[in-house]
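Novice: Keeping the supplied structure of chain A fixed, place chains B and C upon it in accordance with the hints.
Same order as they appear, the protein sequences are chains A, B and C.
Going by UniProt numbering, the first residue of the first sequence is number 1, and it counts up by one from there.
Going by UniProt numbering, the first residue of the second sequence is number 1, and it counts up by one from there.
Going by UniProt numbering, the first residue of the third sequence is number 1, and it counts up by one from there.
Some hints here could point you the wrong way.
[What the hints assert, rightly or not] Quick list of simulated restraints, FRET-style, between CB atoms: (1) C/35 - B/11: 26 to 34 Å; (2) A/212 - B/38: 41 to 49 Å; (3) B/42 - A/225: 26 to 34 Å; (4) A/109 - B/134: 49 to 57 Å; (5) B/92 - A/67: 23 to 31 Å; (6) B/6 - A/216: 27 to 35 Å; (7) C/52 - B/182: 48 to 56 Å; (8) B/2 - C/71: 32 to 40 Å; (9) A/134 - B/149: 37 to 45 Å; (10) B/2 - A/182: 40 to 48 Å; (11) B/50 - C/50: 23 to 31 Å; (12) A/202 - B/104: 42 to 50 Å.
[As the list claims (entries may be wrong)] In silico EDC-like links for lysine to aspartate or glutamate, alpha-carbon gap of 20 Å or less: (13) C/33 - B/145; (14) C/9 - B/182; (15) C/54 - C/39; (16) B/105 - B/91; (17) C/28 - B/145; (18) B/7 - A/233; (19) C/28 - B/91; (20) C/33 - B/142; (21) C/32 - B/145; (22) A/216 - A/233; (23) C/65 - B/62; (24) C/65 - C/14; (25) C/26 - B/91; (26) C/26 - B/145; (27) C/28 - B/180; (28) C/28 - B/182; (29) C/28 - B/157; (30) C/32 - B/142; (31) C/26 - B/157; (32) C/26 - B/38.
[Stated by the list, open to error] So, partial list: chain C residues that the calculated Cβ filter (under 10 Å) puts toward chain B: (33) 15; (34) 17; (35) 24.
Hint data in this document are derived by calculation from the structure and do not stem from the laboratory.
Note that CB positions come from ideal geometry on N, CA and C, so glycine has one too.
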Amino acid sequence: MHRLGGAGLAALQRQQESLKSFDALSNQLSNAHVDNLHAQLDQFRNALTRFATHHRADIRSDPRFRHAFQQMCASIGVDPLAGPRRGGWWEEALGLGDWQSELGVQIVDVCVSTRDRNGGLIELSELVRLVSRLRGLEGGAITEEDVVRSIQALKPLGTGYEVLDFGDGGRKMVRSVPKELNEDQMVVLAIAAEQNGRVDEDFLVRRNAWTEERAKAVLSNMLLRDGTCWLDEQDGPNGMGRAYWVPAAMQWDD
Amino acid sequence: MNLSTYKTASGFLLPSIHSAPPFFTQQPNTATQAGFTEQWTRLLLAYARHRRLFTLRLEDAEVPGGEWDEVLRNPRINRRLMPNHLAHVLDVMVSKDLAVYEPAKQMRAVLLYWRSPDEWADVLHEWATNTGQLNTILTFYEISDPPVPSALSGIPESLLRGAIAVLAKSGRAQLISISDGDGVRFFPPRTK
Amino acid sequence: MGGSQSTPKITAQDRAILDLKLQRDKLKQYQKKIQIILDREHEIAKQQLAAGHKDRALIALRRRKYQEGLLVKTDGQLESLEQLVSTIEFSLVEVSVLHGLKQGNAVLKEIHKELNVESVERLLEETAEAREYQREIDNMLTNNLSLDEEDAVQAELKELQQEALHAQRNEETPLSLPDAPTAEPVSSEQGVLRLILLLASLT
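Next comes chain A alone, as it looks inside the complex:
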């Protein structure tokens, strides 16, 4: 997932920088033009702020409205999360800093409390469901987009929260431990996502043309070192086979 063209103020500054360098190189843009650009962007920003303040309640409670507003910000390269204040622009302009922070805290809460069970890997939809439950009815609806954006805001904290996208329009997972997932693990996760959570060595070898050792190694790491999958020793028709289950990729009814 791409960031929205960089942080708002930083983007603006960067634009300024690049404009200046163009100026230096080509002498084509006059200072007046640059100033004009500044002024226009400022105006636009103010208008956006007024709009946001006016519709604060809607932005807070209605995900669709919130989404539309985000799109609007994105179109001019403004990232409402950035900015000198803690909650970024959200907090400055909209007083939604607390809303954003609250969501962030709830996400961390859910990830930490499920970590023992899933090794720090949780399916995005499951995360949304559990956070929603935590928030209750008064919290207002939140979407996957809200959660993803919030996770990105956590990035500067260096906690290692990251959204993993399997690209096929299907599952997304959230990793909440600093350990980077290597490519092989990502492959295993993708396969698990396809198969309702179940993976076995044979399948990995056949599907990816891996050696036995390679398949064993990645499964062993996930099982023993990272705790991101569970072992089943009663698999297969004879009830004595080994299979591995990724809880983040399993579909739970409750």
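Specialist: The following block gives chains B and C in isolation, referenced to the frame of chain A:
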């Protein structure tokens, strides 16, 4: 295919984790296993309470046809809790005072505390009071096998003795022993 | 009922009542065992009949009849025991009530007087007389309705006895069974006798 809860023939609702095949394998990852052990513990105590089962033996995991099949086995996914795994869970339960090895000095069978001895003491005294049997001498048999089924029906002797001992401390019960056996007399609570 | 917070002392009477109840429990458990055997033998008889072994079915039925007879006997003993328990407990309750009302001793003496060695024999005599005797005790303490209940019990008992008599008449020679617990009923009677003697010695 969703992992869902399941209502057994005896009316017990199994949690969705019981539909997950790995739940029946002892996990090599200690953190994961700790989580599973806690879930198994809760499940076993809840089932014992539901069916009024007091004893759990390794045998119940070794041989089918016992009282615990509904929980120790899941035929829908063809999995069962292995005796070694059960032994581990029992060990943890005993260390948390949720069960005791009974008889003592062995590790194949436990008495389950889905009520603690203190709780049993209160239930016992309440029953004696409500059935108008205070200040009456009762045999253990009368308590564990009453004509009208009660909260104490089927209670094993050791558990009953434990409850009586608790009550004796606060003067709410008195053990009477003769050569042929023991009895107990309950008293109203002491006035403050 | 007193300012002392410690539990009351355990008296000889307490122990006597406990002993009585333990004997009663044993009888009850014995009855349960017999009932299980009865049911099993009924099943065996049915199975044997279905398999065409009429003679083996007959044997099972005879065994069953014999056990039934034992059951009836123990029923009678149980009834006596239960009566005794409730009477004694009742008399104890009465005693404490009477104490409270300061009417005490006269009636108390009367009760204990009756529980002497001679009257013990009457308890073990034919059931109807024992009932009569018990009724006298009851009347002494209360003047009321248990008469009807007593009558009903008497009638039921008589019915039971009649049935048993009929069964015995229709029965052919019972086979000797190695595992028949002939010793048991007698020892229960002895238990009752022992207990009553113990009570009689308390005054």
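Novice: Does each hint hold? Answer for all of them.
Specialist: Here is what the structure says about each hint:
Checked against the given bound of 26 to 34 Å, the beta carbons of residue 35 of chain C and residue 11 of chain B, roughly 29 Å apart, stay inside it. Between residue 212 of chain A and residue 38 of chain B the beta carbon distance is about 35 Å. The supplied range of 41 to 49 Å is therefore violated. The hinted window of 26 to 34 Å between residue 42 of chain B and residue 225 of chain A holds, with their beta carbons roughly 28 Å apart. The hinted window of 49 to 57 Å between residue 109 of chain A and residue 134 of chain B holds, with their beta carbons roughly 51 Å apart.
One distance hint, 23 to 31 Å for the beta-carbon pair residue 92 of chain B and residue 67 of chain A, is violated here, with the actual separation near 48 Å. For residue 6 of chain B and residue 216 of chain A, the Cβ-Cβ distance of about 34 Å falls inside the hinted range of 27 to 35 Å, so the restraint holds. Remark: the range hint 48 to 56 Å for residue 52 of chain C to residue 182 of chain B is upheld by a beta-carbon distance near 52 Å. For residue 2 of chain B and residue 71 of chain C, the hinted distance range of 32 to 40 Å is not satisfied, since their beta carbons lie about 56 Å from each other.
A hinted range of 37 to 45 Å holds for the C-beta pair residue 134 of chain A and residue 149 of chain B, which are about 43 Å apart. The beta-carbon spacing between residue 2 of chain B and residue 182 of chain A, approximately 30 Å, falls outside the hinted interval of 40 to 48 Å. In this structure the hint that residue 50 of chain B and residue 50 of chain C lie 23 to 31 Å apart at CB is violated, the actual value being about 39 Å. The supplied range of 42 to 50 Å is met by residue 202 of chain A and residue 104 of chain B, whose beta-carbon atoms lie about 48 Å from each other.
With a C-alpha separation of about 15 Å, the suggested pairing of residue 33 of chain C with residue 145 of chain B holds against the 20 Å cut-off. At roughly 16 Å between alpha-carbon atoms, residue 9 of chain C and residue 182 of chain B fall within 20 Å of each other, so this suggested pair holds. In summary, the hint linking residue 54 of chain C to residue 39 of chain C is supported, as the alpha carbons are separated by about 18 Å, within the 20 Å threshold. For the suggested pair residue 105 of chain B and residue 91 of chain B, the alpha carbons sit about 13 Å apart, so the restraint of at most 20 Å is met.
Using a Cα cut-off of 20 Å, the hinted pair residue 28 of chain C and residue 145 of chain B holds, with the two alpha carbons roughly 11 Å apart. For the given pair, residue 7 of chain B sits about 25 Å from residue 233 of chain A by alpha-carbon distance, which is inconsistent with the 20 Å threshold. Pair hint residue 28 of chain C plus residue 91 of chain B does not hold up; C-alpha atoms about 38 Å apart against a cutoff of 20 Å. Of the supplied pair hints, the one linking residue 33 of chain C and residue 142 of chain B holds, its CA atoms being roughly 17 Å apart against a limit of 20 Å.
For the proposed pair residue 32 of chain C and residue 145 of chain B, the alpha carbon gap of about 12 Å is at most 20 Å, so the pair holds. Distance check on the hinted pair: residue 216 of chain A and residue 233 of chain A sit about 15 Å apart at the alpha-carbon level, within 20 Å; holds. A threshold of 20 Å between alpha carbons decides the hint, and for residue 65 of chain C with residue 62 of chain B the separation of about 41 Å lies outside it, so the pair is violated. Restraint check for residue 65 of chain C and residue 14 of chain C: not satisfied, since their Cα atoms lie roughly 39 Å apart, outside the 20 Å limit.
At most 20 Å may separate the alpha-carbon atoms for a hinted pair to count; residue 26 of chain C and residue 91 of chain B exceed this at roughly 37 Å. The straight-line distance between the Cα atoms of residue 26 of chain C and residue 145 of chain B is roughly 12 Å, inside the 20 Å bound, and the hint therefore holds. With a CA separation close to 15 Å, the supplied pair residue 28 of chain C and residue 180 of chain B stays within the 20 Å bound. Pair hint residue 28 of chain C plus residue 182 of chain B holds up; C-alpha atoms about 17 Å apart against a cutoff of 20 Å.
Straight-line distance between C-alpha atoms of residue 28 of chain C and residue 157 of chain B comes to about 18 Å, which keeps the hinted pair within the 20 Å bound. Restraint check for residue 32 of chain C and residue 142 of chain B: the C-alpha separation of about 14 Å stays at or below 20 Å, so the hint holds. A C-alpha spacing of about 16 Å is found between residue 26 of chain C and residue 157 of chain B, which places the hinted pair at or below 20 Å, so the restraint holds. In summary, the hint linking residue 26 of chain C to residue 38 of chain B is not supported, as the alpha carbons are separated by about 43 Å, beyond the 20 Å threshold.
Hint status for residue 15 of chain C: holds, given a least beta-carbon distance of 5 Å to chain B, under 10 Å. Evaluation of the residue 17 of chain C hint against chain B yields a held restraint, the C-beta minimum of about 5 Å falling below 10 Å. The interface hint given for residue 24 of chain C holds, since its Cβ lies 8 Å from the closest Cβ of chain B, which is under the 10 Å cut-off.
Against the hints set out earlier in the document, violations occur for numbers 2, 5, 8, 10, 11, 18, 19, 23, 24, 25, 32.
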